[in-house]
Amino acid sequence: MVDFDVCVVGSGAGGGPVALTLAEAGFSVLVLEKGPWLTENDFYKDEIACCRRNTYSRNLREEFHVVEKRNKGKGWTAKPTYDGGRDFWNGNMVGGSSNLMSGFFHRLKPKDFRLLSEFGPIDGANVADWPIAYDDLEPYYAKVEREVGISGRVVDHPNLEPRSTNDYPYPPTAEHPVAAWFDDLCRRKELHSIPVARAILSRPANGRSSCQYSGYCGSYGCSSGAKGSSRAALLNRAVASGNCEIRPNCHVYHLESDTSGRVLSANYYDANGVVQKVRADLFVVACQAVETSRLLLLSRGPSHPNGLANRHDQVGKNLIFSGGGAGTGTFLYDDLDPEKAAQLKIRGPFVNRALQDWYYIDNDEMGKTKGGTIEFLFRHPNPTGRAIQQKWESDRLLWGHPLKNKLHRYFTSAGYLRFETFADWLPNENCNVTLDTALRDKWNAPVARIRVGKHPHDLKISRYLARKGYQMLTDLGADTVSWGVSSNPPGNLMAGGCRFGNDPEKSVLDQNCRAHDVENLYVTDGSFMPTGGSVPHTWTIYANAFRVADKMLLELGGEKVGLSGERN
Amino acid sequence: MPPSISRLDRRKFLLRGGAAVAAATALAGLPFALRKEMTKETSFVFFSSQQQQAIAALQEHLFPKGPDSPGATDIGAAAYLEWAITVPESDPDTRNTIVNGIGRLQDATMERFDTVFPELEFMQKEQLLRYLADETRWGRLWLSLLLTYIFEALLSDPVYGGNPDQVGWRWLEHQPGFPRPPTDKTYGKL
Numbered sequence: 001m002v003d004f005d006v007c008v009v010g011s012g013a014g015g016g017p018v019a020l021t022l023a024e025a026g027f028s029v030l031v032l033e034k035g036p037w038l039t040e041n042d043f044y045k046d047e048i049a050c051c052r053r054n055t056y057s058r059n060l061r062e063e064f065h066v067v068e069k070r071n072k073g074k075g076w077t078a079k080p081t082y083d084g085g086r087d088f089w090n091g092n093m094v095g096g097s098s099n100l101m102s103g104f105f106h107r108l109k110p111k112d113f114r115l116l117s118e119f120g121p122i123d124g125a126n127v128a129d130w131p132i133a134y135d136d137l138e139p140y141y142a143k144v145e146r147e148v149g150i151s152g153r154v155v156d157h158p159n160l161e162p163r164s165t166n167d168y169p170y171p172p173t174a175e176h177p178v179a180a181w182f183d184d185l186c187r188r189k190e191l192h193s194i195p196v197a198r199a200i201l202s203r204p205a206n207g208r209s210s211c212q213y214s215g216y217c218g219s220y221g222c223s224s225g226a227k228g229s230s231r232a233a234l235l236n237r238a239v240a241s242g243n244c245e246i247r248p249n250c251h252v253y254h255l256e257s258d259t260s261g262r263v264l265s266a267n268y269y270d271a272n273g274v275v276q277k278v279r280a281d282l283f284v285v286a287c288q289a290v291e292t293s294r295l296l297l298l299s300r301g302p303s304h305p306n307g308l309a310n311r312h313d314q315v316g317k318n319l320i321f322s323g324g325g326a327g328t329g330t331f332l333y334d335d336l337d338p339e340k341a342a343q344l345k346i347r348g349p350f351v352n353r354a355l356q357d358w359y360y361i362d363n364d365e366m367g368k369t370k371g372g373t374i375e376f377l378f379r380h381p382n383p384t385g386r387a388i389q390q391k392w393e394s395d396r397l398l399w400g401h402p403l404k405n406k407l408h409r410y411f412t413s414a415g416y417l418r419f420e421t422f423a424d425w426l427p428n429e430n431c432n433v434t435l436d437t438a439l440r441d442k443w444n445a446p447v448a449r450i451r452v453g454k455h456p457h458d459l460k461i462s463r464y465l466a467r468k469g470y471q472m473l474t475d476l477g478a479d480t481v482s483w484g485v486s487s488n489p490p491g492n493l494m495a496g497g498c499r500f501g502n503d504p505e506k507s508v509l510d511q512n513c514r515a516h517d518v519e520n521l522y523v524t525d526g527s528f529m530p531t532g533g534s535v536p537h538t539w540t541i542y543a544n545a546f547r548v549a550d551k552m553l554l555e556l557g558g559e560k561v562g563l564s565g566e567r568n
Numbered sequence: 001m002p003p004s005i006s007r008l009d010r011r012k013f014l015l016r017g018g019a020a021v022a023a024a025t026a027l028a029g030l031p032f033a034l035r036k037e038m039t040k041e042t043s044f045v046f047f048s049s050q051q052q053q054a055i056a057a058l059q060e061h062l063f064p065k066g067p068d069s070p071g072a073t074d075i076g077a078a079a080y081l082e083w084a085i086t087v088p089e090s091d092p093d094t095r096n097t098i099v100n101g102i103g104r105l106q107d108a109t110m111e112r113f114d115t116v117f118p119e120l121e122f123m124q125k126e127q128l129l130r131y132l133a134d135e136t137r138w139g140r141l142w143l144s145l146l147l148t149y150i151f152e153a154l155l156s157d158p159v160y161g162g163n164p165d166q167v168g169w170r171w172l173e174h175q176p177g178f179p180r181p182p183t184d185k186t187y188g189k190l
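Line by line, the protein sequences give chains A and B.
Residue numbers 1 to 568, in my numbering, belong to the letters of the first sequence in order.
Residue numbers 1 to 190, in my numbering, belong to the letters of the second sequence in order.
Bound conformation, chain B alone (with noise of 0.2 Å):
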C-alpha cells in the first residue's frame, strides 16, 4: 500500500503544559446512540450552547460560505467534531484539546475585545485568530485540528453526519468509491 497516508494522529495535537483539563473528562463517553437524534439545527449533547455558538461562529470563519461553495454550517461542521470527538473510541486527550481550545478562544476573546468570540466583527476575529495561530503554540495546534474536522466534515461519507447531499464532494468534483458505508459498518461498529 502505498506509505503515504497518514492517519488523523490522535495524540499529534496534543498540548502539553497548557491548562488543566476541562469538564471534557466528565463528559467523555457520551453515548453514541444520542448522535443519531442529532440535526445541525437541533440539539448538540455534548457542547454547552455557548461552547456550540463560539464552535459554529469560528468554524464558519475558517471556512465560510461562498456564492458557490459550502461554508461550516453547510456541510454539517459543528455537528460532525461534536460526534467526532465523543464517539467512545475517540481519544480522550484530542477531546480535551479541543475543549480547552473553546475556553482559551473565550477567555482571549474576553480580555481583549470584552465580549464573546461570536460578536466580534470580521476584522477582530481574523485579528485574533491570526494572533493565536501565529503566536501561540496552542492556538496553532487547535486551529490546525479544528481545520482537519472541517475536511473530515466536508469529505467524509455522509454516514458520519457531515457533507450532506454530498455537498463537500460536489463542490470539489471529488468521486467518492463505491460501496459506500451503509450505518451499519461505520468507524466504532466494525
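Only chain A is shown next, with the shape it has when bound in the complex (with noise of 0.2 Å):
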C-alpha cells in the first residue's frame, strides 16, 4: 500500500515536468521540497533580501558544503562553505532556483550530444556521448516552449539547431537600444547577432502576467509571474490538477530501499522537524546535482550499501559545472554622441542578444574544437553591490571624499554593458561529490564534500570566446574592457553526478534516467547530464524531465482515467 503514485524530491526545474506530467495525467503526486513555498506576493525588488544575504538558502551555520579547491602545491584544499567563499545553495523553495534565474534559454546542439564522436577524447577528461540523440528530446524543448512559456525570435544562422516549429510561442520581450548597436556591429563583422530567448512571458498566459522590466531580474523572483519558474509555469497548474500536494519545508535525508532494491519510502523532517515516511510506487530526486548526489549516497540500504543506485561507484563522479569568462566595458557618456548617451540610460529592456560564431572552432590557433556561448547583457543593477567594488584602490582600501567621488563617477558618468562565455567544463576525475567524512549538518548527517577541478582545456576555450567578447564591446565603443576567464565554478550553474548512459559501470541512470540499479527510482534534475553543452543548463534539465516523465507515464500504464484507477 502506498501513499502517492509517485513522490517527487526537490521541486525545481527536474521535479516540475514531472509532477505535472503526471499529475495532469491523474496520477497521485507528492513534491517534497526543503525550502518555503513562496509565491510572487513575497518577491520584491529589495537587494538586501534578494543578494545581501541568505533569504533563499540555507543557514550555512546549519547546512552547507565543503569545498574542495586546487592549492599552489598541486594539492587539495578543503573549506567549509560557512567560513567565506561561494556557497553552493541556488534557491532552497518551491520552484527552487528556477525563480532566480535569468532565464536566458538555449538548447544544446545535435553535436552536443556526442562530443566524443565529434571532438575525440581529450587527456584528462572524461568525455562520453549521450545514449540519446537531439532528436529524442528535440520536441520536448518545444514543448517546453509551451509549457514553461519561452519568448525569442527565431533567426537563421549557422549553428541553429533543427526545429520543428518556425518560430517561438511568444514573441520577444521588449528590446533595449543598445540591441541595435550590436546588431549594426555583428552586420558590420560579418557576425550572426542571435536574439537571446528567454523563458519569460512578453504577454499574459495561464494566469501569468508578462514581464514588467522593472530591470531586477536575475537573481530575484519574479514578482509579476512573468518568469517560467518551475512554481509559476508548471506546479502551480499541478496543483490545480487536484493530484498534486507540495509539501514545502521538508528535507529528506533517507530513500529507504527494500532486500530488493526497490525504494519503499522517503524518509524526511517534516517543517515541525519530526520525522516522516511517505511510500510511493516511484520516487523522483530533482534535488539539484551536488545535493541529489548526497541523497543517494546517504540512502544505503541492504542491497545498496554504497548508497542507492551506486554499486559501480559512479555516483557523484562527472560532476560538472558551465565554464566561463566574463567582461564589462565601460561607456563613459560624454564620450557617445547624446542620443547614444541617452539610449544607455533606459533601464527595463532587455539586450537579449549573444553569439554562436565560435560554438565551434576550426582554425589555426585552435584547431578543431568545441568553442561556445557569448552573452550580452548589462551589468547587473544591484547598487550595493557595484558600489562595493569601488571601496578599493589597487589593495588601498578607500574613503573620505576620495571615495565619494569615484562612486559618483562611477554611477553617474559611465553605462556598463557586460559579457559572459559559457563553454563546456569537462568532466574530469578532479571534479565530484562525496560525504565528507568529519562535517555534519544539522541534521547530523554528512555533508557533500564537492571537488572542484577545471579541465585546463576549458580555460583555454573560455580565454578564446572572452577576447572575442572584448573585441566585441571595444568595437561597440567601450572606453575600457575589464575582463576574466576563472576556474572556480559557478555554483548556480552544476550538472551532471548522475551520468546517464548505456553502461552501467559507468553511468548511474538509464538513458530513461531511471537508475540502473534501482527499477523504481529516477533522477531529472541535470544531474543526468554526461556534458553539459556550452550555454546554460535549464532548458534541457526542463525537457529533459518532460521526457523522462512520459517515459514513467508509459511505465504506469498510461493516463489514468477516472478515479477507479483504471488506465488506458
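It is worth saying that the hints were derived from the structure and are not from the lab.
Because the structure is a prediction, the values reported are computed rather than measured.
A hint or two may mislead.
To be clear about the criterion: a stretch of chain B counts as covered by chain A if any three or more of its residues have a C-beta under 8 Å from a C-beta of chain A, and this derived list gives those stretches [what the hints assert, rightly or not]: (1) 45-59; (2) 63-70; (3) 106-112; (4) 154-161; (5) 181-189.
Quick reminder that beta carbons are idealized off the backbone N, C-alpha and C, glycines included.
Combine both chains into one complex, guided by the hints.
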C-alpha cells in the first residue's frame, strides 16, 4: 500500500515537469521541498533580501558544503562554505533556483549529444556521448517553449538547432536600444547576432502576467509571474489538477530501500522537525546536482551498501559546471553622442543578444574544437554590490571624499555592458561529490564534499571566447573593458554527478534516467548530463524532465482515467 | 542568473585570533521590534552611548557630507549598522567583529592621543585610520566591513532604515526596481 503513486524530491526545473505531467495524467503526486513556498506576493526588488543575505538559501551554520580546491602545491585544500567564499545553495524554495534564474534559454546542439564522437577524447577529461540524440529531445525542447513559456525570435544562423516549429510561441520581450547597436556591429563584422530566447512571458498566459521590465531579473524572484520558474509555470498547474500535493519545508534525508533494492519510502523531517515517511510506487530525485548525489550516497540499504544506485561507485562522479569568463565594458556618456548616451541610460528592457559564431572552432590557433556561447547583457543593477567594488584602489582601502567622488563618477558618468561566456566544463576525475567524513549538518548527516577541479582545456576555450567578447565591447565603443576567465565553478550552473548512459558500470542512470540498479528510482534534475553543452543548462533540464515524465507515464500504464484507477 | 553577484559573506570578515569576544554575545538576539521605534536622532539600544558616538564619528569620517552629497549621518548609517548586526538572522561572528573593532579603535585612540576618537582632529583621525587600514589586518578588514554597511545604508531600500527619502539613490541617480518591499516582506520576515 502506497501513499502516492509518485514522490518527487525537489521542486525545481527537474521536479516540476514530472509533477505536472503525472498529476495531469491522473496520478497522485507528492512533491517534497526543503524550502518554503514563496509566491509572487513574496518577491520584491529588494537587494538586501535578494542578494546581500541568505534569504533563499540555507543557514550556512546549519547546512553547508565542504569545497575542495586545487592549491598552489598541486594538492587540495578543503574549506567549509560557512567559512567564507561562495556557497552552493541556489534557491531553496518551491520552484528551486528556477525562481531566481535570468532565463537566458538556449538549446543544446546536435553535436553536443556526441561530443566524444565529434571531437575525440581529451587527455584528463571523461567525455562521453549521450545515450540519446538531439532528435529525441527536440519535441521536448518545443514542449518547454509552450509549457514554461519561452519568448524569442528565431533567426537563421550557421549553428541554429533543427526545430520542429518555425518560431517561439511568445514574441520577444521588449528590447533595449543597445540591441540595435549590437546588431549593427554584427552586420559590419559579418557575425550572426542571435536574439536570445528568454523563459519570460512577453504577454500574459496561463494566469501569469507578462514581464513588467523592472530592470531587476536575474537573482530576483519574479513579482509578476512572467519568469518561467518551475513553480509559476508548472507546479501551480500541477496543484490545480487536484492530483499534486506540495509539502514545503520538508527535508528528505533518506530514501529507504528493501532487500530487492526497490525504494520503499522517502524519509524526511517535516516543517516541525518531526520524522515522517511517505511511500510511493515511483520516486524521483531532483535536488540539484550536488544534493541529489548526496542524498543517493546517504541512502544506503540492504541491497545498496554504498548508497542508492551506486553499485559501481559512479554516484557523484563527473560533476560539471559551466566554464566561463566575463567582461565589463565602460561606456562614458561624455564620449557618446547625446542620443546614444540617452539610450544607454534606459532601464528595463533587455539586451537579449548572444553570439554562437564560435560554438565550434576550427582554425590554426585552436585546431578543431568545441567553443561556446557569448552572452551580452547589462551589468546587474544591484547598487550595493556595485558600490562595494569601488572601495578599493588597487589594494588600498578608500574612504572620505576620494571614495565618494569615485562612487559618484562610477554611477553617473558611464553605462556598463557585460559579456559572459559559456563553455563546456569538461567532466574529469577531480570534479565530484562525496560525503564528508568529518563534518555533518544540523540533521547529523555528513555534508557533501565537492571537489571542483577544472580541466585546463576549458580555460583555453574560455579565454578564446572572452577575447572575442572583449573585442565586441571595444568595437561597440567601450572606453575600457575589463575581463577575465576563472577556474572557479559557478555554483548556480551545476550538473552531472549521476550521468546517464548505456553502460551500468560507467553511468548511474539508463537512457530514461532511471537508476540502473533501482527499478523505481528516477533522477530528473541536471545530474543526468554527461556533458553540459556550452549554454546554461536549464532549458535542457526542463526538456529532459518532460521526456522522462513521458517514460514514467508509459511505465505506469498511460493516463489514469476517472477515479477507479482504470488506465488507458 | 549571472554568477557574479556576491553576497555579503557572513564570515569573510571574521577576525581570527583577535581579542576575546566582547560583551556583544550577551546582547545577541536583541528584539528586532525595538528597532521600529528607533530613529537616527534617538535611542540606540545595542550600542552604548560611547560606542554610538565613536561609530557615528568614524562613519562620518569614512563617508563625509559634501556640498551636494549626503554623509553618513544623512543616510542613517549608524542606525542601519545597528539594525544589520542585531536582526535575529544576523551572524554573531560579524556582530562581534564590529563590536571588537570599536573597542580596538577606542584603545588605539587612547593609547596614541589620550582621548576618544570623536575628539580627534581630522588629520589625527585620518592618520590613525590609515595606519589601521594599511598596517593591521584586523583594521583593514574591520574598516572594509564598515564601509560595506555604509554602502548598504546608502543604497538599500529605505524600508531598512537607511537611505531616507531615497537620498542615496537620488545622489547616485540610481533607478530602483519595482515593486519595492513593504515592511512586512523584508529580510527576516520572508
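Tested hints:
Counting residues of the region 45-59 of chain B whose CB falls under 8 Å from any CB of chain A gives 0; the rule of at least 3 is not met. Here's how the region 63-70 of chain B fares: 4 of its residues keep a CB closer than 8 Å to some CB of chain A, so the rule of at least three is met and the hint holds. Note: the region 106-112 of chain B has 0 residues with beta-carbon separation from chain A under 8 Å; the three-residue rule is not met and the coverage is violated. Counting residues of the region 154-161 of chain B whose C-beta lies closer than 8 Å to any C-beta of chain A gives 6; at least three are required, and the coverage claim holds.
For the region 181-189 of chain B, the assignment as covered by chain A holds, since 5 residues bring a beta-carbon within under 8 Å of that chain's beta-carbons and 3 suffice.
Of the numbered hints listed earlier, those contradicted by the structure are 1, 3.
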